[in-house]
Amino acid sequence: MMKKLLLVCFSFWLFSSYAQETYTVNGVKDERPGLHAFINATLHVDYQTSIENATLLIQKGEVIASGKDIKVPNGAIIHDLKGKHIYPSFIELSSNIGMPKAESSRSPGPQLGPKKEGAYNANDAIKAYFNAYEAFEAKSSDADKMRKAGFGVVLTHNQDGLVRGTGTVVALHDGPENEIMLKESASQHFSFNKGTSTQDNPSSLMGAIALIKQTYLDAQWYANQNDMVDIALDAFNKNKSYPQFFDADGDKLYVLRADKLGDEFGVQYIIKGNGDEYQRLDDIKATNAQLILPVNYPEAYDVEDPFDALNISLEDMKHWEMAPYNLKMVADKGINYSITSDGLKDASKLSDMISQSLDAGLSEEQALKALTYNPAQFIKMEDKLGSLTKGKYANFIITDGSPVKKDTKIYENWVQGNPYKYNDYTLAEIVGNYTLTVGDENYQLEIKGEPGKEKFKIIVNDTTSYEVKSEISKQLISFSFKDEGKEEDGKIRLSGWLKEKGLAGSAKMPDGSWAKWSATLNEDDSSEDKEEDKKEDEKEDSKIASLIYPFVAHGNTERPTAETILIKNATVWTNETDGVLENTDVLLENGKIAKIGKDLSASGAREIDGTGKHLTPGIIDEHSHIAISRGVNEGSEAVTAEVNIEDVVDSEDINIYRQLSGGVVASQLLHGSANPIGGRSAIVKLKWGYSPDEMKISWADKFIKFALGENVKQSNWGDRNTIRFPQTRMGVEQVFEDAFTRAREYEDEWKDYNDLSKRDKANATAPRKDLELETIVEILNSERFISCHSYVQSEINMLMEVAERYSFRINTFTHILEGYKLADKMKEHGVGGSTFSDWWAYKFEVNDAIPYNAALMHGEGVVTAINSDDAEMGRRLNQEAGKTMKYGGVPVEEALKMVTLNPAKLLHLDDRMGSIKVGKDADVVLWSAEPLSIYAKAEKTIIEGAVFFDREEQEENLDAIQAERARLVAKMQGEKSKGKSTQKAMPKSQIIYHCETEIQNYSSLK
Amino acid sequence: MKIFKYIGIIVLSLFSFTAMAQVPAPGEAQSEPIAIMNAYAHLGNGEVIENSVITFENGVITNVADATTIRLDLSKFKVIKAEGMHVYPGLIASNTIIGLEEISAVRATRDQDETGDFNPNVRALVAYNTDSELIPTTRFNGVLYAQTTPRGGRISGSSSVMNLDAWNWEDAVLKNDEGIHLNWPSKLRRPRWWLGENEWSRNKEYDVDYQEVKSFFNDAASYNQISQPETTNLKLEAMKGLFDGSKNLYIHTDRAKEILESIQFAMKMGIKKIVLVGGDEAYYVRDFLKENDIPVILEETLRLPSRTSDPVDMPYQLPNLLHEAGIKVAIGQWGSVMQVRNLPFSVGTAAAYGLGKEEALRMVTLNPAEIMGVDDNIGSLEKGKVASIVVSKGDILDMEGNQMEYVFIEGRQVTLEAHQQRLYQKFKEKFDQE
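Heads up: the sequence lines are chains A and B, in that order. Oh and the first sequence: position 911 is 911 in my numbering, straight run, nothing missing. Oh and the second sequence: position 321 is 321 in my numbering, straight run, nothing missing.
Worth flagging that the hints you see were computed from the coordinates, not collected in a lab. Heads up, a few of these hints could be off.
[As the list claims (entries may be wrong)] Restricting the straight-line Cα-Cα distance to at most 27 Å, the calculated cross-link-like pairs of lysine-lysine (DSS-like) are:
| no. | chain 1 | residue 1 | chain 2 | residue 2 |
| --- | --- | --- | --- | --- |
| 1 | B | Lys257 | A | Lys988 |
| 2 | B | Lys257 | A | Lys971 |
| 3 | A | Lys980 | B | Lys187 |
| 4 | A | Lys82 | A | Lys516 |
With these hints in hand, go ahead and build the complete structure from the sequences.
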């Protein structure tokens, strides 16, 4: 009945147990026994074992015994913890506590090389040399915030750079740095953010990934050479033996990316995730990674204003609801993780947040494991941390219940035997209704409120009561009130003490006389009933959303899979010698086109009536920049063949779905055009709902982006960008010449090395593996193919000539707006043209761009495609192809090929895609009208026999989206009315990438 | 019956080597009455005549009739046989910078954005370059008029309606300084995406911006009532037309709240004619717009939805959704100046998404003409209006059909071939292609 209540609530530090061996003592040596026995406690030895009525014995910061029937040695200071709990304190793995403040100043203009002086790495973002233990400076106030939340130990590292150096494990007590450091180097840390480095490279996510990969290779090479010193690489090699942590800041796909990067070098990272892992759980599970998960669940959005509510995306609304379920779902999947307070405004919110997850079904045991046992394992300190058996550090908290539950009080946090007191558990609990007797008078006294902040009230009747001034200090209590029922002025002043089930003491009456007083707890206190009411309240809206893939509006509740589909009686545009077949049936089976003919039947097939409709091969976009995470250009250097769009495919981009709605089935996701040799591309099918890896066409040839002209010579980058080579078309040629020359030499160097006898090899140093040159060697050997951004004839001519000099051919000129001027030469070289239908006038080099370009190139026999370079245009490439009929009179079937079969040819996909032919992939689109007409709508877009877009279903989907939004809005309003805090509803924008996106970025930075 | 063959293509191809990089000369004044016979006429007001006769003389339409019922002596006319073809009033491009910008990446060719916040006195028409290479490519697709409009600042300046075939801007202008363009402040500030932001934030300056606009309009209203001001204020002078209804106030804004706030503001200020430009979220305030009779010039149809949960074809449907709500809609095309020539296809897409061809056409003909107050002259094929007419081989809203056979502006036959066609011809000949 008595609610637990404490009288004092502030932290104080009892005494010092610190004794520094090497330091001179000022005064006399004051080393204390530090022997404590905690008795009668419920002792949670580890996350899954609890012992009632147990004893914990510690000495000099270590546990010397724990459990039942432990004999308390003489001299132990005894702490009676009857009714209290002892838990191992928490371990934080994502922290920069004690680290220097990150400072960065970017000077205007390019920075091509590193700024850090000394024998360091070629890139400032590689800070493997940084040792947290060297930089660590304890800060008591930061430590105290963590202690209050229940933490005892922290792994801290400098959160700056791609390779961040080592982390150090420190205890959260206020001793000197020399003593609180438990393990000087416990880990090595990585991230995708270059941090304070102002070096241009890397400017993109793919650039960051490539740089980390190259660093692994460089470190391998470095270990076996004697030519140079690189402090960062040296440290990198030394740090390899520690557990490797990766901060995959971003979303769930970043976790997958981090793991994949590690796989390439045989490293299993422990990965810090983002709290949205539930959205791609199977893929996360497949990484086998152990995770560090944040609990910074979003607040409900303020949706009172319907216009503001429009700003919130469905995925953000759904995530608000789902976020607390993440921990449970990840745990149920059998993934090991630790919980971090990182990302919370205030670590003290930790138990509130975890409590939400407990409501969502997470077990208490799992939560505790993730705060104690798992993190101890991750840093290989389970022998000293995470539980309270003999030999462990005396790191524990004393509480009134489970520390992962909301409102649980942490009384004390002991770190290596040093107590930090936040609430006084020795104080009695006095909340309740009392009968107060002062002299002969009886009053009803109500005591309510938080410990130390109790409110006293005299109750006269149901509607009348009056406040009482009170003060409580340790065992003493004093309060005063004026008896409103009496006429006399002055207050009754009471002073007294706490006793069993009540209070007692002496009172000074208004008339100056002394009286005795006592307060006795009433029998009919009913606070527990209220508790139950509250619980039912919370159960009300336990209904939650279903998952969708991807976790974006228009995502699928079920992954589309291949069906047997029979399309009846359609007009079929085959792109084969059969041309256009009227009233024809097409059977799709096992993801392939199985039959084409009249009056087909297939048992069990889903029949689609194609009467009056048109069936074409799916549209293929040779030049797209959709579905790319964090940067389409690594424009920081002239040659960046090391970067790869495949590393950054974003399967959650709504533009995938939008392209499907325009009949697009596949796209080449290209690097931008900021530099002469850009990055490698990803060729994907637009399998909405699948993972990035599943979207990639596994059998596709490898491609790379090259670029020419104004973009690469930085004509429109702003006045400061006049330094990076090349600045003219003359220089552009030399970049290629140099790259190919170096690549040939590189290939020879490796060849020479590989040709060595085993013995000679043992004595020789292997050449440095260079990701950039490896890629260029592939080009020279026709194992990778070029799609080159190009505009004017001189540069087109130049690149063909360079390629011929190096005995390979350019595969595709993309954009190629002056291709018509050289169509004969292109034909001769054997290069295809993938062009805009009618773009021009946006810069000087497109002055002679004409919409007849496609027709003229096609007329010369060049394989010609129409591309988009734009998420918006990509979804109506059929219209763009239609323009070739207007400009130049291309026959309609040939025009259709420009967005289907021809791009398939340019991408070497035409064996399996680009036409309707038995045996080819069932990538088809059913149109409402002639496919190149402005009135044509893609009704069904089918990839490998699976329907990925269905216009009819879209109507239902929209209703479902509306309903889901309405449900979530109502739920959020409920939160607000309960008085929970909300956040403003601000819209989010998506960057729609084009070739030149980062160029605009540069000039806007100035 | 004498049929005139128009041989411009042949003539020009002969010229092609000498006439490079020069826009063709404007057409000559109409010298004789012309009759366009038997075309499928789309009048621009929503009506069609399947088999039509259209006659015009001295640059003015003299008859628009059904060929199956009318009796007409064709001997006085130069007759254009247009059976199987489609005839339309010239399309009108709203809110463009055509003639003001040539190459967007080259600063010297950009003339649309004057410095300063309040520039109502700045006039687009005087910078309108009739020799812009973009103009011939635009009328090549049937767009014959453009509202040339300044950009930037809080009040960008005044726009004018221009015909797209003239020797100089004075000849080109159909209606000068017909409206003033106000860029309404945004309540939200764009994410600074180069810093990795993707979330908008509250524009803390909004109230200040609002007050600036308010005090400017207050001053303009006050100035308007002073008959003999001590000092002439060019800015406030330019604002006068807003209070007597001789000029439109074009309010450029997209989001629902700003639409409501800006239009209520303008009405309260006593602005007679208000037009909403942009209106991405106009759908959500359609009742308000209808109630107050506010016409809307929508941004081009061919763009992405603003929100992930929007229907994928939301921008395609929007013109129809507003039309169904009873709002007068014009469709613009201003994302990039080269795209003005794609106006017909922007509209064609709207036609496909519920609007239908004739209503769609109206949004680039009669509706913008009415909004800009030039409907007594252009916007539909009606007797007494100027003869700005396009004859297309097929459906002008579809790529394959959009093939201009004859184009007249004020009765003058316009040369269609220009720089792009000349280059086409040159290389077709080089490669001996047919």
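The hints, checked one at a time:
1. For the suggested pair Lys257/B and Lys988/A, the alpha carbons sit about 17 Å apart, so the restraint of at most 27 Å is met.
2. For the given pair, Lys257/B sits about 24 Å from Lys971/A by alpha-carbon distance, which is consistent with the 27 Å threshold.
3. At most 27 Å may separate the alpha-carbon atoms for a hinted pair to count; Lys980/A and Lys187/B meet this at roughly 26 Å.
4. A hinted pair counts as satisfied when its Cα atoms are at most 27 Å apart, and Lys82/A with Lys516/A does not qualify at roughly 32 Å.
When the structure is compared with the earlier hints, a violation turns up for hint 4 alone.
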